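*Asks:* Here is what each chain is made of, one letter per residue.
2 protein chains.
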Amino acid sequence: MMKEMKSRLAKKTKIALIGFGTVGQGVCEILLSKENELKSKYGFEASIVAISDVMKGTVYCADGLDIQQCLDLAKAGDNLENYAGDCEKGWDSLRTIRETNADIVCELAFTNVKTGEPAITHCKAAFENGKHIVTSNKGPAALQYAALQKLAEKNNVKFMIEGTVMSGTPILNLANGPLAGCTITAIKGILNGTCNYMLCEMEKGMAYDDVLDKAQELGYAEADPTGDVEGFDAMAKVIILANVLMDNPISAADVDRVGIAKITPEMMTEAKNENARWKLISTIEKRGNEVKASVKPEKLSLTHPLASIMGATNALTFTSDLLGDVTIVGAGAGKIETGYSILTDILAIHREK
Amino acid sequence: MMKEMKSRLAKKTKIALIGFGTVGQGVCEILLSKENELKSKYGFEASIVAISDVMKGTVYCADGLDIQQCLDLAKAGDNLENYAGDCEKGWDSLRTIRETNADIVCELAFTNVKTGEPAITHCKAAFENGKHIVTSNKGPAALQYAALQKLAEKNNVKFMIEGTVMSGTPILNLANGPLAGCTITAIKGILNGTCNYMLCEMEKGMAYDDVLDKAQELGYAEADPTGDVEGFDAMAKVIILANVLMDNPISAADVDRVGIAKITPEMMTEAKNENARWKLISTIEKRGNEVKASVKPEKLSLTHPLASIMGATNALTFTSDLLGDVTIVGAGAGKIETGYSILTDILAIHREK
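So the protein sequences, as listed, match chains A and B. Position one of the first sequence corresponds to residue 1 (our numbering), numbered consecutively onward. Position one of the second sequence corresponds to residue 1001 (our numbering), numbered consecutively onward.
By construction, these hints were calculated from the structure, which means they are not laboratory data. As the structure is a computational prediction, the values presented were derived from the model and not from experiment. Please note that the accuracy of each hint is not assured.
As the list claims (entries may be wrong) - Pair ranges (Cβ atoms, derived):
1. A:Glu285 / B:Asp1321: 35 to 45 Å
2. B:Gly1130 / A:Pro249: 21 to 31 Å
3. B:Thr1303 / A:Lys214: 14 to 24 Å
4. B:Asn1248 / A:Tyr42: 36 to 46 Å
5. B:Glu1222 / A:Asp224: 54 to 64 Å
6. A:Tyr42 / B:Thr1303: 30 to 40 Å
7. A:Val258 / B:Asp1321: 30 to 40 Å
8. A:Gln69 / B:Glu1035: 48 to 58 Å
9. B:Asn1129 / A:Thr115: 18 to 28 Å
Ideal Cβ placement from N, Cα and C applies to all residues, glycine included.
Using the sequences and the hints given, assemble the complete structure.
*Replies:* Right under this line is the structure:
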């Protein structure tokens, strides 16, 4: 009986979640609702063995946790350490990464965007202990992609980051998979949904400050909106795309960054009269061995494919040697969409097993 | 020395091309120009061991052909059997499929769209002889997808058909790879570039017959344009998408098909006045266990994402449970683009080795 249980667990992909906020809970909801489908279609079975959250506490059970119970605790605002069942409690995130039996660590902890911590330390600890990282945190890939990727390779594990750009809408796995035979020479896109929403509202006649208030009310913009409106969020995505897809490491200093705060109602009217529309456009171009990158407002003709992307939607055009332009349009945020980015990376690791 | 040569060949993916027209030559050009890149990035090395074309003849060399020489012969309108070098000549396509040492058969022969022959027979022969099929011919997948897929699985080989829909723009490998964790509930798209081009020209004021003449001059439409303008080409793609991605086999009788021939200048003007635009839209919707499929002209509001797809460009929106709408816009035809569809399927097979 014990043997049978063990061999059943051995077949399962064992997952530790570091961080149990919106995305962590989204992943759990998807894994619960898709359990039978993923097993029958891909022979994929997951077991969440540990959840560690700096606010909500830590539970670890090597045989797998009751996911529904963990979700119920989180929803009730209860601490995970009230989990009923035979398990370890009270561990910190690093001990959880190092000492649990997880194969994959989903790094979803609240992270300082300037230092990338604690996510970078979490990634290093996982790699050094032979565990894959799947993360939607932009910090590690934007600040230390090359070093982390090297450490992952050295330890024969994967550093998967689909969720860092356009949430679960496939960008990195598309470029590294179905587009792998192409050389990508340029990338151009709308990578910040908050700014795109705000520009669309301003086009309807609202002033910048009023639109910002509305975006904050709706939860699109944060209390400190700088990350979005000054282009820092899009810049981090540009750095990630350049590092992952252009074989050419760049950092913040290499990105020409201008936000949307200086767009006036007069500029909006002028654009309208010219059959054009302001968009915050992220661009990466490979010129010989150099990469030129920018995030800035551009006045696009209405016939430009990116001009029709409205609301919080994101879009990205890959220009390549063999396919010309391929454009992907999809969600750029959301609990289930970002949760899916974690699932798609876990499935990619499963396929390579 | 012989041993070394043999082990080097063993590592290479050995390919037979059945058909050496535009697409076959496109694949060869890509393999030549990308040889070093594909080797250094993916450890992928290809050897074209055989080319068989009903008009241009057959050459087979188990150690690999000189691809450039084959391309030169084709360009000069010369028969492949004038190939200079130690090789077999005069085989037919079936003997080439069955008796050469190819791992992968690229089925690119001119095929009757109504019977799917000789492509279907070629696919069966390949599977029965333990060889993968990569094809951009719509016939096999549109007419006999389930049976062929079953035969491929039984023989532990792959039936790869990325090029059947939107040429090399990733659709099927995207859905089966990065979107694999989603359940696709609806697909809507512009899948015939010729019709989209013609509708765009008609919008500028040209009458249907004049536009058709122009499309034929430009090589977009064939001498017998029925396949495009009556929606048969898009219908075949709809059947393929339903069969591959919706687990629900359908056939031509299940598709509500209307072409663009009855669109008048008056209808164009009316649409313009309504801020709308006519498009030939392909739709597949899953409703419970049923699939509803159609190809027909639809008057889309200019704010609809597919309304802005102009010229010969194709586009497709996947609606899924977890990601909402994901839209892909890209080329739907072209020598290099369709050649790339063959390469991407070959690389997918290589990755699974």
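*Asks:* Hint numbers the structure violates, sorted upward?
*Replies:* Structure breaks hints 2, 4, 9.
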